[in-house]
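Hints given; two lone chains; assemble the complex.
So the protein sequences, as listed, match chains F and L. Read in the numbering used here, the first sequence has 89 at position 78, and its numbers run on one by one without any break. Read in the numbering used here, the second sequence has 56 at position 4, and its numbers run on one by one without any break.
Some chain L residues flagged as far from chain F (calculated, every beta-carbon gap over 10 Å):
#: 1; residue: L74
#: 2; residue: A79
#: 3; residue: S94
#: 4; residue: L109
#: 5; residue: F140
#: 6; residue: F151
#: 7; residue: L159
#: 8; residue: Y164
#: 9; residue: A188
#: 10; residue: I191
#: 11; residue: I213
#: 12; residue: I231
#: 13; residue: S236
#: 14; residue: L263
#: 15; residue: T281
Dumping the calculated SDA-like pairs for lysine to any residue here, alpha-carbon to alpha-carbon at most 20 Å:
#: 16; chain 1: F; residue 1: K116; chain 2: L; residue 2: P136
#: 17; chain 1: F; residue 1: K145; chain 2: L; residue 2: Q126
#: 18; chain 1: F; residue 1: K85; chain 2: L; residue 2: S138
#: 19; chain 1: F; residue 1: K114; chain 2: L; residue 2: M53
#: 20; chain 1: F; residue 1: K114; chain 2: L; residue 2: L139
#: 21; chain 1: F; residue 1: K29; chain 2: F; residue 2: P46
#: 22; chain 1: F; residue 1: K114; chain 2: L; residue 2: I148
#: 23; chain 1: F; residue 1: K119; chain 2: L; residue 2: P136
#: 24; chain 1: F; residue 1: K251; chain 2: F; residue 2: S265
#: 25; chain 1: F; residue 1: K85; chain 2: L; residue 2: R288
#: 26; chain 1: F; residue 1: K114; chain 2: L; residue 2: E60
#: 27; chain 1: L; residue 1: K58; chain 2: F; residue 2: D99
#: 28; chain 1: F; residue 1: K119; chain 2: L; residue 2: M53
#: 29; chain 1: F; residue 1: K29; chain 2: L; residue 2: W289
#: 30; chain 1: F; residue 1: K29; chain 2: L; residue 2: A290
#: 31; chain 1: F; residue 1: K119; chain 2: L; residue 2: T54
#: 32; chain 1: L; residue 1: K58; chain 2: F; residue 2: E104
#: 33; chain 1: F; residue 1: K116; chain 2: L; residue 2: S138
#: 34; chain 1: F; residue 1: K186; chain 2: F; residue 2: I200
#: 35; chain 1: F; residue 1: K114; chain 2: L; residue 2: P136
#: 36; chain 1: F; residue 1: K116; chain 2: L; residue 2: T54
#: 37; chain 1: F; residue 1: K85; chain 2: L; residue 2: L139
#: 38; chain 1: F; residue 1: K210; chain 2: F; residue 2: L315
#: 39; chain 1: L; residue 1: K58; chain 2: F; residue 2: I139
#: 40; chain 1: F; residue 1: K162; chain 2: F; residue 2: C34
No lab work stands behind these hints: they were computed from the structure. Here the structure is a predicted model, which means the values were calculated and not measured. Just so it is clear, CB atoms sit at the ideal spot from N, CA and C, and this is done for glycine as well.
Each chain is listed here by its residues.
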Amino acid sequence: MIEVKNLFKNYGSHTALKGISFCAEDGEVLGFLGPNGAGKSTTMNILTGCISPSGGEAVINGENILENPMAAKKNIGYLPEIPPLYLDMTVDEYLNFVYGLKKCKLPKKSHLEEIRDLTGIDDVRNRIIRNLSKGYRQRVGLAQALVGNPKTLILDEPTVGLDPKQIIEMRSLIKRLGKNHTVILSSHILPEVQAVCDKIVVINNGELAAFDTAENLSRKLSGDNKLTVHIEGERNKVEKILKTISALDRYHVSRTVEENVTEFEIESRDNTDIRREIFNKMAENGCPILLMKGSELTLEEIFLKLTTGDFYGGEE
Amino acid sequence: MTAIIKREILSYFTSPLGYVFLAVFYAFSGLFLWMNCLSSGSAEMSGVFSLMFYVILVIIPVLTMRTFAEERRQNTDRLTLSSPVSLFGVVMGKFIAAFFVFFCACLMLLLYAVFISAAVGEGAEFGWASFWGNFAAIILMGAAFISIDIFISSLTDNQMIAALGSIGSNIMICMFDIISNYISDDGVKNVINSLSVYGKYLEFNQGIFSLFSVVFFLSISGAFIFLATRVLERRRWA
Chain F
12 MIEVKNLFKN
22 YGSHTALKGI
32 SFCAEDGEVL
42 GFLGPNGAGK
52 STTMNILTGC
62 ISPSGGEAVI
72 NGENILENPM
82 AAKKNIGYLP
92 EIPPLYLDMT
102 VDEYLNFVYG
112 LKKCKLPKKS
122 HLEEIRDLTG
132 IDDVRNRIIR
142 NLSKGYRQRV
152 GLAQALVGNP
162 KTLILDEPTV
172 GLDPKQIIEM
182 RSLIKRLGKN
192 HTVILSSHIL
202 PEVQAVCDKI
212 VVINNGELAA
222 FDTAENLSRK
232 LSGDNKLTVH
242 IEGERNKVEK
252 ILKTISALDR
262 YHVSRTVEEN
272 VTEFEIESRD
282 NTDIRREIFN
292 KMAENGCPIL
302 LMKGSELTLE
312 EIFLKLTTGD
322 FYGGEE
Chain L
53 MTAIIKREIL
63 SYFTSPLGYV
73 FLAVFYAFSG
83 LFLWMNCLSS
93 GSAEMSGVFS
103 LMFYVILVII
113 PVLTMRTFAE
123 ERRQNTDRLT
133 LSSPVSLFGV
143 VMGKFIAAFF
153 VFFCACLMLL
163 LYAVFISAAV
173 GEGAEFGWAS
183 FWGNFAAIIL
193 MGAAFISIDI
203 FISSLTDNQM
213 IAALGSIGSN
223 IMICMFDIIS
233 NYISDDGVKN
243 VINSLSVYGK
253 YLEFNQGIFS
263 LFSVVFFLSI
273 SGAFIFLATR
283 VLERRRWA
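Isolated chain L (complex conformation) (with noise of 0.2 Å):
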């Protein structure tokens, strides 16, 4: 499994890929500093962290697309398959990497509440409180959505048709809050709401810490890592 993490790794930055994703994350989380703390003094970031929930949905596909796809169209999954590494470990092998690559980018938040802490004035503080609660939205849903897009990328040998459906998907899955007003029947409505990707996230926005978001985050990771393992199984008999 390490050998995997180390190639995956190594791929993202011996191509654009890694360069472009840690670009794009940084440029708009930089513009969203600007807007909503350096132009009006502010040291509240939530603001910076709601609106870069729409760009993890529109990225998070570039850096898994490749995964799975790729390995496939180049019949290097022959050699994976043929090594004595388990499905389990070739896919938290990937996981592991692209959610490195992810880990990565956020870092840059945590320098900016660094900066942002520094500059406070006297008899004002800064909220880490709520930085951290923030933070470890961002983290966990990044790992949902990554393991979600790493499973869609197992489904087919096109990295194209992954990035967008990954795209989709992961837009779907924020609309579950529209969708759910729609709907009159209590129990359906509540089932999307349960699954609702978004709300969660806003929680931690709001400064609420839920065990239950934690849980909600990690579970769909942990779900879609074992779907995914269960795609390449199901492919040796197919």
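So that you can see chain F by itself, here it is in the shape it has in the complex (with noise of 0.2 Å):
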């Protein structure tokens, strides 16, 4: 469990946070969303200690990460966005330093070997950490932050550097992981968010834009009246026709697709269905319809919905 409430941090004369609150229960996978320098890096290191709020606080399992940071801290994984290894040490040296740091009571043999097989990285175990991949490194980091079992998990795109089959390996595991721990996991990669959390929070420029599911973010946001079309046919008069349909209650144009063809944005009045009725009067009227669909967001659209207000994608 996991609940910031009004985090505020200023760097100087430059506000990074102003005012975040979210929460997390346990067993949940909470996705951070936002764009560069939006404070999501910030955010985790002051949940995880790293940096220190200058106002509002962050309770991780009950335990205010200021007041009481040894308690804390005991429970929590974190993954910066650069892992943090020792280039010189072995992955197993590594680890057992990582093992006596967190002062892990748990038996230190088989829960390595555990943690080692998790990450798939028991066959560089002996190697230096300077001489593995970016990729290998990513998972010794995400083995360092599951030494001692702690309830908590802070991963800082833990994705970033892993190949396609990694990728989906990582995610996958991230998956098992947060059936028994709070995970939180920031990513630029949306889809990465839409697959594995349970929930989103979105930041924008220091503020809280969105916290919610992925499913209500999408529903509140587009609703199930809107439609986008692809008209043929001279503008003016597709547009009187339109004007004739008396369950639509606006409509947009959004850009000129191709010579003579228009796109709408069209909205009914009261989710009426006015797909066939759109449809049958253009018939008519010789103007064909080349592409009709429901505007149902994706991830990327309501984040940059959320983040630019630009719903539309900036091409008007």
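Structural data, given as structure tokens:
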């Protein structure tokens, strides 16, 4: 259980976080989204006690990270953006060091073996970390976070630098970990968040832009009454026809797709289904419909809408 | 803290750093031993210690330059900061590890003393009291410089800057005696003289064991260890 209440962080005169609040229940995977410089890493650094907030509080499993850092940190495994690896150590030496550093009480041999198997680094255990590839380093970084079996895992862009196969493995590993850990992960890769996370926190400019499940976000922002339609024909003529549809609430010309073909965003009144009516009217007037789709938002569109306020992708 | 001590000592000896430190220390102490004792047949080792003073000034920064500067550059400070270890524990761990390596180096001086005491002729005696005074002085002074230089390393993320800054400040601290000669105001002169590290080292070297000097060196170590933890703490709030 992670609770974040009204978190503020100033770097000199620059305010990186402007009052962020959210929470993650036990056994939940929480996705952290936001453009570069939005405050994702800052939030994660505060949650793990690496930096201190200028205001607000972060509570990890009932322990305030500022008031009771020792107890709170015992429940945290943290994989920062750049894995905190000592390049001059072997993988085994490094994991042994982390085991001691975290004052871990679990049986050492079997615990570390389990972690090596889970993260797939058993075959490089005697190699110097300096000589490992980026993908392996990332996995050693994750292994480090898992030492001591902490209840909370905080992973800052865990799939960066992995090849596609490893990314899929990492995602399924995170999903598995999410069953008995609380996981917070940040990512730029939106499908990843969609695939792995139960809930999504979107941060923009240090402010909370959204906090909900992926489905809810999509539903809230799009609604079921929106259509995207490409219609061939003179624009004025098509607009005139559209105006004759009574259930049509409003429409919006978003762009010219090709010569004489216009894209419209159409909203109907009271969630009425007007697809057939549009089709029939256009067919009667000889204006072929080249494309019609319900505008269910992808996470990319939600993201853009939330962070830039520009729903239609800036092509107007 | 024990985990940090172990890791630091391991890292001194998985890189050439620890070996180079020991080699330089042994080479110079061996040379000074030959100059002061072996070539003239003298059993008085104080000369070795007073010369080692200058070597130590320059080589201790080699031990300490990486401590915090490199952690910051490699981002490994994130690991220690998010682990259940206090900042004091982190600084202490690094201090003890560096001190351990330094102490190992100094043990060679003890070995020299054992050899010389075994080699002194009939009727003559090796001055163990003077040796222990000198030995205590070099250990205490080493501890003081290690903590000062760890503090300097905590200020930067570049180990070359940490090393240069440390060497500079170590030399400056030892020049206090010279500087005080140029000051006419007695009050200021007294303050500078009482802060002099070299003066206190010299006392030991001349066979004076002063409790005040012991406390002085220990306070310097304590003060700069404290300052280093404050630097780390402040960075979290910055």
